[in-house]
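Enquirer: With these hints in hand, go ahead and build the complete structure from the sequences.
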Amino acid sequence: MAERSTAAVDVADNGGDEPLAAKADKATNDGTAQAEETEGASPETSENPKGHDGGRARSEAVPATPDVHSGHKLAERYRLEECVTRLDGFSSWRAVDEKLRRAVGVHLLPANHSRARSVLAAARSSALLGDPRFVQVLDAVEEDDLVYVVHEWLPDATELTALLAAGPMDAHDAYQLVSQLSHAMAAAHREGLTHLRLTPGAVLRSSTGQYRIRGLAVNAALRGITSERPLRQDTEAIGALLYAALTKRWPYESDAYGLSGLPKGMGLIAPDQVRAGVHRGLSELAMRALANDGATASRQEPPCTTPDELAKAVAAMPRVLPPEPTFAAQPVYQQPVYQRTTYQQGTYGRPSTHPSSVPQPVLAAPPAPLQSRTGRVLKWSVSALLIAALGLGSWQLAEILLDQRKGSDDTGVTQPTDDEKPAPAPPKPLTIADATEFMPDGSGIQPGDVPNAIDDNSSTAWITPRYRGFAHFGNLPQRRQGSGIIVDLGKVQDVRSVEVDMYRSGQTTAVFAAGPDASSPSSSADFPQRIAEKQVAGETLKEELEKPVRTRYVLIHVTELPADGTGGYRGGINDIFVLG
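1 is the number of the first residue of the sequence shown in my numbering; add one for each residue after it.
For the record, the hints were derived by calculation from the structure and aren't laboratory data.
Nothing here was measured: the structure is a model prediction, and the numbers come from that model.
Backbone N, C-alpha and C fix where the C-beta goes; we use that ideal spot for every residue, glycine too.
It is possible that some hints are incorrect.
Derived Cβ-Cβ restraints for the label pairs, each shown as a range [said to hold, decoys possible]:
hint, residue 1, residue 2, range
1, S459, S260, 56 to 62 Å
2, R102, M317, 38 to 44 Å
3, P548, M317, 29 to 35 Å
4, P477, H72, 22 to 28 Å
In the DSS-like style, the derived pairs of lysine-lysine whose C-alpha atoms are separated by at most 25 Å in a straight line are [what the hints assert, rightly or not]:
hint, residue 1, residue 2
5, K547, K491
6, K99, K73
7, K542, K491
8, K491, K428
9, K248, K264
10, K534, K547
11, K428, K547
12, K428, K542
Expert: Here you go:
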């Protein structure tokens, strides 16, 4: 059955009360929800306020949620810790991957569930995407009459629901939100994947400012959501998230996700009419993404019906810069007032005979010098002598230079001409303000050791763990893009050379630079400027540029590790030097 739009489902599941989707999406940091429905409950479809058919009406009985408990272990590897959702025949858990010693999330449902096949297919398709902008599916398995999907758990990420609860976003944060979400969903749609449940509970912001989308294809499959217009549905969902970011209001009449809806009977009104001070361009962009069923943008711009069209519209508008930092007002400097002492009055060692309140006599200013007729004649005479002296000196200097040139011509030695430019000064080391580990897939390796790579001490280093079996970081899913270090120069500067002292030779390494307007880059796409080509580095990697690169952030990207002689692979970086 065709599914109505994302926003409409979220506000209509419970017939005007708090929507079922909102209840199911009250999330903790991992991206799953606290259970608020009784086990085996089957929500009924209610009338859709936007007029589309859809919902999750089912005639078949829903199998009971699998009877598992904390401490239960799947595949002798995934130990269930805490149930965070129990709904509609499936449950979601926070778990521990005992093999890799990390937290993961697990969706669990019986193998005879009517949606078990579609959930497995959706999870495996999502896992093949491998885009770091999405929370990655790590495993999808059917065994022992159970189907379970294992995904990343991001304890340091903040859910968009919590961000919106604090108030509307500023224009720069809202711009980053719509830009990153539209580009990510456009990439997913090009691979044939849709979300269909892109709500505030499905969007996370990492500590580096990167937005991550969870539940691609899987969340909809778990709830049996389908759509006849999946691209339009995902686009409208992004528009609703942008609307909420600008206004802290949900762009429909019913309340949802802790946000108040719009006043009843007014229809869809532009964000800049809901709240003063909203960025006009972002307000129009939200309306273009939400334009549907007769709604139009505030200007006569065509509506955006796909995430790709929305991403192009974001790129076409002027970049929204972050707000200027504010500084505390400095106190106005006042020149101190000094009192005349008895020593200055010429009475040192003797008592003053005048009270301090008696004003001292004011001496008349001396007349301006050289104002008489004789003075003026003297002044012009001195000026003429100076001009004559300068002329004589210039003539003599020119004669000396000509003699030197003639002598150089006789000896056949070529002298530099005025058109030749002097040789550029040698590069100087630039101060590195900070450094972070490159974590394109969201999880770090040894982030606490990163300062060892910028301390100019060869006895300390950032060193990877030992990986077995494969040089490409053990072929682990979360290491598809390798690792490395991002150095922060503190401000945009001209980079002319990079020198890297490697922990061990044989590491496949490349060096990139972020654009001059980059802010907190965290993915490979944020580093478009190449400084050093991909190469197998020796003990030292050194690259000098013919033309300087303007940047603040430099990425030392390691993709393959050398063998360590024990059957494993290990690498690292001793020191990084950036010169400009």
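Enquirer: Against the earlier hints, flag every one the structure doesn't satisfy and list their numbers going up.
Expert: Violated hints: none; all satisfied.
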